[in-house]
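Going down the list, the sequences are from chains A and B.
Residues 1 to 149 in my numbering are what the first sequence lists, from first letter to last.
Residues 1001 to 1718 in my numbering are what the second sequence lists, from first letter to last.
Derived by calculation from the structure, the hints in this document are not laboratory data.
Just so we're clear, the structure is a prediction, and the values are computed from it rather than from any experiment.
Don't take each hint at face value.
[Stated by the list, open to error] Pairwise CB distance ranges, derived in the manner of DEER restraints:
no., chain 1, residue 1, chain 2, residue 2, range
1, A, SER2, B, LYS1306, 39 to 45 Å
2, B, LYS1634, A, LYS64, 46 to 52 Å
3, B, SER1277, A, ASP19, 28 to 34 Å
4, A, GLN23, B, GLN1012, 56 to 62 Å
5, A, THR111, B, GLN1012, 51 to 57 Å
6, B, GLY1491, A, ASP19, 38 to 44 Å
7, B, ALA1227, A, GLN23, 49 to 55 Å
8, A, THR111, B, ALA1289, 46 to 52 Å
9, B, MET1296, A, ASN83, 54 to 60 Å
Beta carbons are placed, not taken as given, at the ideal position from N, Cα and C, and that holds for glycine.
The lines below spell out each chain.
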Amino acid sequence: MSLQSEIGTFVAAVLNYFDTAVQQAAVVGTPYLALGKPPEVFDYTGMIRISGKRKGVVYFTAPKGMLSVMLMRMQETDMSDANLRDLVGEVANTLSGNARKDFGRNFIISTPSVVAGSSTTIGYSPDTRPIVVPIDWRAYHANLVVCLN
Amino acid sequence: MKRRRYDIDFAQIMPILVATMFAAVLTLLLTLGIQRAAQLQSASGALQLASELRSLPQYFATELTLVQRGLESRTFVGEPIDDIATARDGFDKALARIDRDLEAAGLGGNAEIQRIRGALDAAWQRYSPLLVATGRHKGTPYADTLTGSRLNSTGRALKADVDEALAQQEAATRDVGGALKDLATGLQNAVGDRGRSLRTFLVIGAAVAALLLALMLYFSLRSRRAAADARRAERQVADILGTVREGLFLLDRNLALGAVHSASLTRILHTEVVHGSSFEELLRPLVPAKTLATAMKFVNLLWKEKVHEDLIDTVNPLSQIEVQFSRAGSGAESRHLSFAFKRVKSAGGQGEHLLGIVTDVTDRVQIARELEQSKADNLAQLDLVMQLLQVPGAQLQAFVRDSDMALRKGNAILKQPGREESELRSKLNGVFREVHTIKGEAGGLGLGSVAARVHQLEESLAALRERKTLDGNDFIPIVVKLDELMSYLGGVGQFADRLAEVQPKGDTLKSVVPPLLANQVLEASEPPLEQLLAQVVSETASAEAKRVTLKCRGLDAIPAPYRRAAKDILIHMARNAVVHGIEAPDARLAASKPDTAQVRVSFEATGNDGYVLTVEDDGQGLPFERILDTALRKGLVSPADAARMERPAVYGLIFRPGFSTAEQVTEHAGRGVGLDSVSQTVRSLGGSIGIATTDGKFTRFRMKLPLPGGKLTATHAA
Chain A
1 MSLQSEIGTF VAAVLNYFDT AVQQAAVVGT PYLALGKPPE VFDYTGMIRI SGKRKGVVYF
61 TAPKGMLSVM LMRMQETDMS DANLRDLVGE VANTLSGNAR KDFGRNFIIS TPSVVAGSST
121 TIGYSPDTRP IVVPIDWRAY HANLVVCLN
Chain B
1001 MKRRRYDIDF AQIMPILVAT MFAAVLTLLL TLGIQRAAQL QSASGALQLA SELRSLPQYF
1061 ATELTLVQRG LESRTFVGEP IDDIATARDG FDKALARIDR DLEAAGLGGN AEIQRIRGAL
1121 DAAWQRYSPL LVATGRHKGT PYADTLTGSR LNSTGRALKA DVDEALAQQE AATRDVGGAL
1181 KDLATGLQNA VGDRGRSLRT FLVIGAAVAA LLLALMLYFS LRSRRAAADA RRAERQVADI
1241 LGTVREGLFL LDRNLALGAV HSASLTRILH TEVVHGSSFE ELLRPLVPAK TLATAMKFVN
1301 LLWKEKVHED LIDTVNPLSQ IEVQFSRAGS GAESRHLSFA FKRVKSAGGQ GEHLLGIVTD
1361 VTDRVQIARE LEQSKADNLA QLDLVMQLLQ VPGAQLQAFV RDSDMALRKG NAILKQPGRE
1421 ESELRSKLNG VFREVHTIKG EAGGLGLGSV AARVHQLEES LAALRERKTL DGNDFIPIVV
1481 KLDELMSYLG GVGQFADRLA EVQPKGDTLK SVVPPLLANQ VLEASEPPLE QLLAQVVSET
1541 ASAEAKRVTL KCRGLDAIPA PYRRAAKDIL IHMARNAVVH GIEAPDARLA ASKPDTAQVR
1601 VSFEATGNDG YVLTVEDDGQ GLPFERILDT ALRKGLVSPA DAARMERPAV YGLIFRPGFS
1661 TAEQVTEHAG RGVGLDSVSQ TVRSLGGSIG IATTDGKFTR FRMKLPLPGG KLTATHAA
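Required output: the full structure, derived from the provided sequences and hints.
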């Protein structure tokens, strides 16, 4: 499977999450390479680490406001930190599920994890250039970052 | 007429055959038993009658005696006479019943019984008339006189008959009674025989029924065991079909899909597989119409017994096909599938089905491609090294630096916000321009491997440009290739750094490859533009099979702020001049021109107005008609506008993004990017472009550039 297809799988997972769970479609912006400095990290980030045929990290990072509105769309009234973490964790879980389904046994995918805080540093190999896929939803902006070598 | 074969499974019908046979035997036995029972009943009836009749001779004797004594005592004798008549009738009727019973009991043909019956009849026929005679006298048998009653003639006749009957009574009793006794004995024996016969039938019947029951139990047990085995086998088949990674299915002679298939089939084909649906319909969305038609012919061939399936497998059009599956939200996914077919033969050797095996071989194809790519990469690496060795280290470093900058600019364009269709197209054209600049310079330096890599990225960009609509997803392949190109150029950069360390400044590695331009003095930071342009023109002319000389003037005077831009502009313009402006040598000779063309490049200061950068070729001139036709075909202008357009406006069309009059896309032309890039660069510097051209003579581009910091109005003029 090519890197292009793999990124397609992750993008499809995120878009599908918006379509089904949030029931309002998100739009993909033009992807670009994060050059020079690490990609921007927003308030909450759900990530999976991958090893095997490829190594690296894939994460969905979104601002608190966006996640709160997503929860509202999902008829949730609890906007606590724990619930916001759960939400990005759920997106990461979707990334993991789609990757397991599409990539086969050549990939080992970690359990999804969640970090909070925009000052967080997500570690990745210095040899790789992260590919940032902007995810626009309503007036909000999140990023799907694929950093695989 | 073709005879149809019927295959009989004896194991399956044996229980039915045996059960039917035993049921028939049992029915026969029961029928015969019922028949024997009926005969026994009739024989018993006859026996009972015979036994009852044995007392009648004595009865007759008693009644006759009563009549005799009554006559002697002159009493009333009518009653015993009537009794005799009644009993006699009863005897006759009883004999008739005995005959019927004997017939019903199957003793009508029994000689002994018939003999006895004949003796009885004879005895009765002798005796019966005597009894009849006693009843034939009518009237009172007495005549009353003064001396009392005496027998009258009737009385005397009656008495004579009674006396006669009594006289024969002993013989009659002996004969009739003996015959009845013999008949009773004979019937008793017959009843015994019938009873034994019936018992025998019942015993046999019971035994047959028991055997039948036992057989039924045996077959039932065997059937249950077979059913259990069948269920187990069915489960195992289901387990296999649920586990196997290949998509397995059956096709009948109508090429309709069978009832069972492996679970993987649905996953591999990304569609539900319906029993009875046509294989052609299953394939239709996966392959082009031509492949579908060939595939159906191939599959139909497999039904022909004379066709060797292993031999024709080599022409299987579905042995490896690339199919596109749509994925929600992420466009299409490309997979490689392999279909194989095997005849499934029954025990009789007749082909009943085709077994289809479909495998997703994407990983295998990918690995094979990666291996091929790896081999190609190794060769390309070697090729690249040879190419790099021929380029002065400093020039190579400058190329890598400029290329990296162009790619970063392309990436920055992608990063800009904007997701509207027009914005996405603008991004696409921007990236195209940056990338095209790299290709031009790489080609000029003789770095064919780099140019080929950039060309691949351009292919993806060109494919996007052809799409009617764009979204962010469409740029995923672009960013991936951009990343790959950056990595590749990074490797070139590392090599260039090492090369610069070992090379004498401004020289190629003379010990390895003879220098191309050994007499030139190069500065480490700024390799001469004239040299680069000479290489660009030389490479392009060689690829286009044209003869061109380049003459440069004043390029050393290009001020530092314009050097990078001038380099980009001149590389595009020089390539364009060779590809589009210059004719092939034969055409030049035919037009009475020297077969070697000239491209002249100059840079001159024009005082306070700034500078003029000129690129001129002595080629065929701009093809006015072809430009207009191309613009009309691409829908850039309407026919009405085209009719009104002046020449300068038509020539201005060549600067539009994606505009090219080239009939084929090559590594050097056909994308319609070069002049767009030049136009954008000149505009960004605040300059303008002027065109002068004469058919068959020349084309000249004059690019006016302001003094650094100043601005000119950007216009095109002819």
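Taking the hints in turn, this is what the structure says about them:
1. SER2/A - LYS1306/B: 39 to 45 Å: holds, 44 Å
2. LYS1634/B - LYS64/A: 46 to 52 Å: holds, 48 Å
3. SER1277/B - ASP19/A: 28 to 34 Å: Holds - the Cβ-Cβ distance for SER1277/B and ASP19/A, about 30 Å, lies within 28 to 34 Å.
4. GLN23/A - GLN1012/B: 56 to 62 Å: This hint holds: roughly 58 Å between Cβ atoms.
5. THR111/A - GLN1012/B: 51 to 57 Å: holds, 56 Å
6. GLY1491/B - ASP19/A: 38 to 44 Å: holds, 41 Å
7. ALA1227/B - GLN23/A: 49 to 55 Å: holds, 50 Å
8. THR111/A - ALA1289/B: 46 to 52 Å: holds, 47 Å
9. MET1296/B - ASN83/A: 54 to 60 Å: Given about 56 Å between the Cβ atoms, the range holds.
No hint from the list above goes unmet by this structure.
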